[in-house]
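S.K.: Let's have the full structure, built from the sequences with the hints guiding it.
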Amino acid sequence: MAYGMSKSEVALIDVSEDASNSVGVNVENMLLCGVVFPATMTGTTITFDHSEDNTAWADVKETDGTDVSYTVSAGDVVRVDPSGWAFASEGWLRITSDGTEVADREIKLFFRRS
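In the numbering used here, the protein residues as written are 1 to 114.
Worth flagging that the hints you see were computed from the coordinates, not collected in a lab. This structure is a prediction, so every number in the text was calculated from the model and none was measured. Every residue, glycine too, gets a C-beta built ideally from N, C-alpha and C. Be careful, since some hints might not be right.
Pair by pair, the computed Cβ-Cβ distance ranges are [unchecked claim]:
id	residue 1	residue 2	range
1	77	55	15 to 23 Å
2	14	58	28 to 36 Å
3	100	70	17 to 25 Å
4	45	10	17 to 25 Å
5	108	44	17 to 25 Å
6	102	64	14 to 22 Å
M.R.: See below:
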C-alpha cells in the first residue's frame, strides 16, 4: 500500500508453499526502513534474500560475510536503517525465517523513498 513517500507491503510466509521463505516483495525503487512481526512466529530470527527478477535469489550478507538478520520481536516494529538497503532499491526482497513456520505468517515491511 503506497503513502506518498512511503509504502508498506506484506511478506507472506505461506506454509502451503514453503514453511520458511516468504513470497517476493517488489521494492519499487524504495528502501527498507522497518519490519513489523506478527504476534506469533515459530522462528526467532529472519534473514533476507534479494532478486532482480523474483526468480533467482541471492542471500543478503554483511561486509563480513554474515547474513543480514533481525531478531523476531513478536508484535513489535523493528527499525531498519534504510541506508544499508540502498543496493536493493530495485528488484524483490524475500524473508526467510530460521524456524519452520507452523502456520501462514504475514510480516509487514515498511519502505521509504531515498
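S.K.: When the structure is checked against the list of hints, which entries are broken? Sort them ascending.
M.R.: Hints 1, 2 and 6 not satisfied by this model.
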